[in-house]
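Going line by line, the protein sequences match chains R and Y.
Counting from 13, one number per residue, gives the positions in the first sequence under this note's numbering.
Counting from 85, one number per residue, gives the positions in the second sequence under this note's numbering.
Keep in mind that a hint or two might mislead.
In silico DSSO-like links for lysine-lysine, alpha-carbon gap of 27 angstroms or less [claimed, not checked]:
| # | chain 1 | residue 1 | chain 2 | residue 2 |
| --- | --- | --- | --- | --- |
| 1 | Y | 210 | R | 50 |
| 2 | R | 162 | Y | 210 |
| 3 | Y | 171 | R | 17 |
| 4 | R | 51 | Y | 171 |
| 5 | R | 160 | R | 267 |
| 6 | Y | 171 | R | 160 |
| 7 | R | 192 | R | 203 |
| 8 | R | 18 | Y | 171 |
| 9 | R | 80 | Y | 94 |
Under 7 angstroms between C-beta atoms, here's a sample of chain Y residues computed to sit facing chain R [what the hints assert, rightly or not]:
| # | residue |
| --- | --- |
| 10 | 155 |
| 11 | 169 |
| 12 | 170 |
| 13 | 171 |
| 14 | 172 |
| 15 | 205 |
Think of the hints as simulated: they come from the structure by calculation, not from any bench.
Quick reminder that beta carbons are idealized off the backbone N, C-alpha and C, glycines included.
Here is how the chains run, residue by residue.
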Amino acid sequence: MAWTKKDLLGLEYLSRDEIEAILDTADSFKEVSSREIKKVPALRGKTAVNLFYEPSTRTRVSFEVAAKRLSADVINIASETSSVRKGETLIDTGKNIQALKADIIIMRHNCSGAVNMLARHLDISVVNAGDGWHEHPTQALLDIFTLKEKLGKIAGLNVTIVGDIAHSRVARSNIWGLTKLGAKVTVCAPKILFPVGIEKMGVKVSSDIEDSLKNADAVNVLRMQFERDEGAAFPQQLEYFKTFGITCERLEKAKKNIVVMHPGPINRGIEMSSEVADGSSAVILDQVTNGIAVRMAVLFLVATATDPAPPRP
Amino acid sequence: MEEKVKILDKEAINRAIMRIAHEIIEKNKGTEEVCLVGIRSRGVFIAKRLTECIQKIEGKQLFCGVLDITLYRDDLALASGQPIVRKTEIDFDINNKSLVLVDDVLYTGRTIRAALDALVDFGRPKSIQLAVLVDRGHRELPIRADFVGKNIPTSNKEAVEVHLDELDGADEVLIVEKN
Numbered sequence: 013m014a015w016t017k018k019d020l021l022g023l024e025y026l027s028r029d030e031i032e033a034i035l036d037t038a039d040s041f042k043e044v045s046s047r048e049i050k051k052v053p054a055l056r057g058k059t060a061v062n063l064f065y066e067p068s069t070r071t072r073v074s075f076e077v078a079a080k081r082l083s084a085d086v087i088n089i090a091s092e093t094s095s096v097r098k099g100e101t102l103i104d105t106g107k108n109i110q111a112l113k114a115d116i117i118i119m120r121h122n123c124s125g126a127v128n129m130l131a132r133h134l135d136i137s138v139v140n141a142g143d144g145w146h147e148h149p150t151q152a153l154l155d156i157f158t159l160k161e162k163l164g165k166i167a168g169l170n171v172t173i174v175g176d177i178a179h180s181r182v183a184r185s186n187i188w189g190l191t192k193l194g195a196k197v198t199v200c201a202p203k204i205l206f207p208v209g210i211e212k213m214g215v216k217v218s219s220d221i222e223d224s225l226k227n228a229d230a231v232n233v234l235r236m237q238f239e240r241d242e243g244a245a246f247p248q249q250l251e252y253f254k255t256f257g258i259t260c261e262r263l264e265k266a267k268k269n270i271v272v273m274h275p276g277p278i279n280r281g282i283e284m285s286s287e288v289a290d291g292s293s294a295v296i297l298d299q300v301t302n303g304i305a306v307r308m309a310v311l312f313l314v315a316t317a318t319d320p321a322p323p324r325p
Numbered sequence: 085m086e087e088k089v090k091i092l093d094k095e096a097i098n099r100a101i102m103r104i105a106h107e108i109i110e111k112n113k114g115t116e117e118v119c120l121v122g123i124r125s126r127g128v129f130i131a132k133r134l135t136e137c138i139q140k141i142e143g144k145q146l147f148c149g150v151l152d153i154t155l156y157r158d159d160l161a162l163a164s165g166q167p168i169v170r171k172t173e174i175d176f177d178i179n180n181k182s183l184v185l186v187d188d189v190l191y192t193g194r195t196i197r198a199a200l201d202a203l204v205d206f207g208r209p210k211s212i213q214l215a216v217l218v219d220r221g222h223r224e225l226p227i228r229a230d231f232v233g234k235n236i237p238t239s240n241k242e243a244v245e246v247h248l249d250e251l252d253g254a255d256e257v258l259i260v261e262k263n
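Please work from the sequences and hints to get the whole structure.
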């Protein structure tokens, strides 16, 4: 299928076919990173701008590596050192980047919906690298890509997402993507870390970790973001590990070939034990590698998007 | 209405591939260091058939790879509908090999130009030769084939369609008049 969207804002806005188009394209791009010369000229002469209003290493670097392997030029803007500090609005910043004739803005922002707003005001492509509690589409795509690579399919899989569902854009994007592709999703967290109305997203809700793992083909363990802790709402770290932490003992009672994922960075001994993180079930570093192929696919597709109804020559 | 003329049938295609296989062996004085790479999509099947032919004649195994040139196209930026990127599979070392690039139709030469750029990213072969089932003329770049199944003089208003059993359910080459 031909890709027609100039932006990637979230998996909520994509059809099943569009998600599969990204995964298929990523599968083709994976080979590029295994070459001796890890570069193809597909986006030569295009400029991608990393506009990050929140700290990030792995996502930013992953996008930068992806863009460079496509031969695009990459410029990094961190909000702390930019005109944002002088009070420039997001839309003004975006329009200035557009006036510099950049082709793609890759943005992370602490406000949910900021990426959608920017995309509406610009003609150039905008890719969501995580916005508030809303979506982190490329993370979910690389999770799904890795799952498909390990288990051969997505439809019919039981996937359990454990952790702070309420504040997690990774969970939200994964739920959209997985359910669209026909997986059965269970979310598992302390009751206070579920957002209101989570059942409406078509997932099973549980606060019993052992029960949630019982039939799971895969478990995606979210990072507990203690740095965002605003006081009473968060559980104690040790208490969390005892009640929800993924340990070898808990995995022994689960399916034998269960796949353990984590978007990183891991809090060892809080979300999962070190034995699990370094164990044979974990695919955490495969996720990082696959992230490059997925982001190459996304950048390539948005940069070469065709009009919804192209006139046939 | 489109008018179609059959230029090659199943037997003619088989004979052309058999002859090219012999020519490849002759030109390279055997198959030492020879490997084949087919360009997606129909070049892949022709390369596989050539590889089988050569292996049967010489009794030695040959490497055969698959090349997708989409990312190297010179018209990527033009609005000609989005191309689909498919996998490249060259899982052998091409350094110092005599590499035979295989495609179905040689026309403007732009596909071959892209393929040469792509191959250079994989290493430095001793030589790159070009085998095509059909050469229809109208080159836009200084490129020519080393092995040709059939030269078919065409006008730019015509299209050459290669159908292969593996993909299209029949072996035939047609010239189609575009009105």
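What hint numbers does the structure not satisfy? 2, 9
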